[in-house]
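There are 2 protein chains.
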Amino acid sequence: MVSNASLIYAKPPHGAPVPGETIKRVVDDNFDPETVALNGGILVQAKALSMDPYMRGRMRDPKVKSYNQPFPLDKPLLTLAVGVVVRSEYDGIKPGQIFKGMFDMSEYAVVPAQLVKMGRTIENKEELPWSTLLGACGMPGATAWCGLYDIGKPKKGETIFVSAASGAVGQIVGQLAKREGLFTIGSAGSDDKVAFLKEIGYDVAFNYKTTSTEEVLEQHQLDIYWDNVGGATLDAALKNFRHHGRIIACGAISEYNVPEAERRGIKNCKSDMNVVTHSLRYQGFIVSNHNQDQFNAEMPQLVKSGEVKIKEHVTKGIDNGESFLDMLEGRNFGKAVIVFE
Amino acid sequence: MVSNASLIYAKPPHGAPVPGETIKRVVDDNFDPETVALNGGILVQAKALSMDPYMRGRMRDPKVKSYNQPFPLDKPLLTLAVGVVVRSEYDGIKPGQIFKGMFDMSEYAVVPAQLVKMGRTIENKEELPWSTLLGACGMPGATAWCGLYDIGKPKKGETIFVSAASGAVGQIVGQLAKREGLFTIGSAGSDDKVAFLKEIGYDVAFNYKTTSTEEVLEQHQLDIYWDNVGGATLDAALKNFRHHGRIIACGAISEYNVPEAERRGIKNCKSDMNVVTHSLRYQGFIVSNHNQDQFNAEMPQLVKSGEVKIKEHVTKGIDNGESFLDMLEGRNFGKAVIVFE
Numbered sequence: 001m002v003s004n005a006s007l008i009y010a011k012p013p014h015g016a017p018v019p020g021e022t023i024k025r026v027v028d029d030n031f032d033p034e035t036v037a038l039n040g041g042i043l044v045q046a047k048a049l050s051m052d053p054y055m056r057g058r059m060r061d062p063k064v065k066s067y068n069q070p071f072p073l074d075k076p077l078l079t080l081a082v083g084v085v086v087r088s089e090y091d092g093i094k095p096g097q098i099f100k101g102m103f104d105m106s107e108y109a110v111v112p113a114q115l116v117k118m119g120r121t122i123e124n125k126e127e128l129p130w131s132t133l134l135g136a137c138g139m140p141g142a143t144a145w146c147g148l149y150d151i152g153k154p155k156k157g158e159t160i161f162v163s164a165a166s167g168a169v170g171q172i173v174g175q176l177a178k179r180e181g182l183f184t185i186g187s188a189g190s191d192d193k194v195a196f197l198k199e200i201g202y203d204v205a206f207n208y209k210t211t212s213t214e215e216v217l218e219q220h221q222l223d224i225y226w227d228n229v230g231g232a233t234l235d236a237a238l239k240n241f242r243h244h245g246r247i248i249a250c251g252a253i254s255e256y257n258v259p260e261a262e263r264r265g266i267k268n269c270k271s272d273m274n275v276v277t278h279s280l281r282y283q284g285f286i287v288s289n290h291n292q293d294q295f296n297a298e299m300p301q302l303v304k305s306g307e308v309k310i311k312e313h314v315t316k317g318i319d320n321g322e323s324f325l326d327m328l329e330g331r332n333f334g335k336a337v338i339v340f341e
Numbered sequence: 001m002v003s004n005a006s007l008i009y010a011k012p013p014h015g016a017p018v019p020g021e022t023i024k025r026v027v028d029d030n031f032d033p034e035t036v037a038l039n040g041g042i043l044v045q046a047k048a049l050s051m052d053p054y055m056r057g058r059m060r061d062p063k064v065k066s067y068n069q070p071f072p073l074d075k076p077l078l079t080l081a082v083g084v085v086v087r088s089e090y091d092g093i094k095p096g097q098i099f100k101g102m103f104d105m106s107e108y109a110v111v112p113a114q115l116v117k118m119g120r121t122i123e124n125k126e127e128l129p130w131s132t133l134l135g136a137c138g139m140p141g142a143t144a145w146c147g148l149y150d151i152g153k154p155k156k157g158e159t160i161f162v163s164a165a166s167g168a169v170g171q172i173v174g175q176l177a178k179r180e181g182l183f184t185i186g187s188a189g190s191d192d193k194v195a196f197l198k199e200i201g202y203d204v205a206f207n208y209k210t211t212s213t214e215e216v217l218e219q220h221q222l223d224i225y226w227d228n229v230g231g232a233t234l235d236a237a238l239k240n241f242r243h244h245g246r247i248i249a250c251g252a253i254s255e256y257n258v259p260e261a262e263r264r265g266i267k268n269c270k271s272d273m274n275v276v277t278h279s280l281r282y283q284g285f286i287v288s289n290h291n292q293d294q295f296n297a298e299m300p301q302l303v304k305s306g307e308v309k310i311k312e313h314v315t316k317g318i319d320n321g322e323s324f325l326d327m328l329e330g331r332n333f334g335k336a337v338i339v340f341e
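From first to last, the protein sequence lines stand for chains A and B. Residue 233 in the UniProt record's numbering sits at position 233 of the first sequence, and the numbers go up by one each step. Residue 293 in the UniProt record's numbering sits at position 293 of the second sequence, and the numbers go up by one each step.
In isolation and in its complexed conformation, chain A is listed as follows (with noise of 0.2 Å):
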């Protein structure tokens, strides 16, 4: 028998995810690795869990569609993971080996052979830690790489404006933006992760917090917004675009936790005809739709050899949700992961 934590999703937030309210630390002090029941999937040895903003999408009413399914009730919630096998009755994964994919955010977990299947065994030649795994090499940094080539289309000499740049993606996206010649504009939400945005080679950096948006921006002429918070951020970007422009449409953060009736909406979107008037391209991608095998082929070596830089925002061991929420309000710095010893 050992102790087993999990974080549960206990009820839908209204707003922000309340620790110890609607996502809690519960603790199972009789699970039994040796005969738990797998059922033909496998039991893993958490070793890091990955916390990302689209899981707040996932804390919703059942009767919400979405293109993911809600989290159950009184479970804990799903996460993409990487653990060591401790126990297997799926074909062809041993214990001891690397697995990489969805699992429950616990210390100990069964994944159902579903979930094995849509997951994978790695290696991990580089010896990278584990939570470099879950972030720029796994879904954020994929999510970097397909959305700036697939989407972004990025050419040499053009400029790209980055928010949220020092986030798990935004840090990735602006190096990868560099690499190609681009002239890079990054905002962040402290002076920290502004010095962090210039060491890593970003042109501008500012903190929006105490810096206008909009007055940076008019400064110069946008080819390619990556957009990471929607709002406010994404008006004053579109009044500042070159034509034939491109809007990549990663996420917006600064909506997640405002209920419907209050969002603020896109005003310069339609309204000032920019859209129309600049022949712009403002598109969202899922990144499991895009063809991956390039950025594994070449992700993990880049960030071994230093040539793209990383920060991680590391949390030892689940706690009650504190963790989850830092990362859903700014105040992690870089990828958000809860790693284990």
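Keep in mind that the hints were calculated from the coordinates and are not lab data. Take these hints with a grain of salt, some might be off.
[To be verified] In silico SDA-like pairs for lysine to any residue, Cα to Cα no more than 25 Å straight-line:
1. A:K239 - B:G15
2. B:K63 - A:Q221
3. B:K153 - A:H290
4. B:K153 - A:R242
5. B:K153 - B:D32
6. B:K311 - B:E329
7. B:K198 - B:K304
8. B:K63 - A:E215
9. B:K178 - B:R242
Bear in mind that the values here come from a model prediction, so they are computed numbers and not experimental data.
Use these hints to put chain B onto chain A, whose structure you have.
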């Protein structure tokens, strides 16, 4: 000497243009077609003058940037038009030819050389009415053609929704889409217009003033939305898309007359993450940047043969701007044109 009536741009409107005040009819009683200076341009006698929603955008404070120039004050509105050449100082253009291009909203207009260069003489082999040369076979028709094929990329079996579907552009979009094997849904603002939509082959047609757009669209899954109106209609469409849907951003007539601070904005675009979660592409275009050769080659015959049906809203002669305001506020029924006997 003849009298020469013009529609003059007198001052920028705050909301809607005011006939007789911000735009008004002015008559020059001493216009001499024989002696008026051409300075290398041509003199035309107008046969038809186009009235289009985008012209509202040129009635603005010159300090506000856009893709086109603001109209100069105290001059006639400039528009796409056809006329017969009376005199010419421009190489290759002779009296009696039909000229199609931008010129003043006047009975007689001097077209300066740089505008002559951007226009062209036409033969009108199909002997279409003057008005049609500005409608289905003019800019609105080309907008429908290039927007649908180049931006919408329609595939047989898909579903398209067109707002302002009985308008100059919408009526062509629906018929072209139907020819490509799409299921077509159109909205318009009166029962007469809805009857016309059914007559020209729309599979579903409804009056958005008496039927809820949201309720109609909930019964369908869209692949393409041709957006002529923006605002709440765009929001309703955004909730009912299949994955990889396309929104052709053609206009936002619901917000042209609304001052910036009072605009509604788009709330479902990023807020509900629809653009992201459904991998939507929302794209604007300017028809003059698109190749129109195929349109020019095929459209006149489609109209002549009746394969594409058209509806025009014809006003005889220049008024005080009432017909222009009618067009902006949807009281026209089909392409709005001023014609002269």
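Checked hints:
1. A:K239 - B:G15: Holds, at roughly 21 Å.
2. B:K63 - A:Q221: Holds, because 18 Å separates the two Cα atoms, which is no more than 25 Å.
3. B:K153 - A:H290: 20 Å, holds
4. B:K153 - A:R242: 24 Å, holds
5. B:K153 - B:D32: 51 Å, violated
6. B:K311 - B:E329: 17 Å, holds
7. B:K198 - B:K304: 20 Å, holds
8. B:K63 - A:E215: Given that 25 Å is the threshold and the Cα spacing comes to 17 Å, the pair holds.
9. B:K178 - B:R242: Cα-Cα ~19 Å, so holds.
Of the hints listed earlier, the one the structure fails to meet is number 5.
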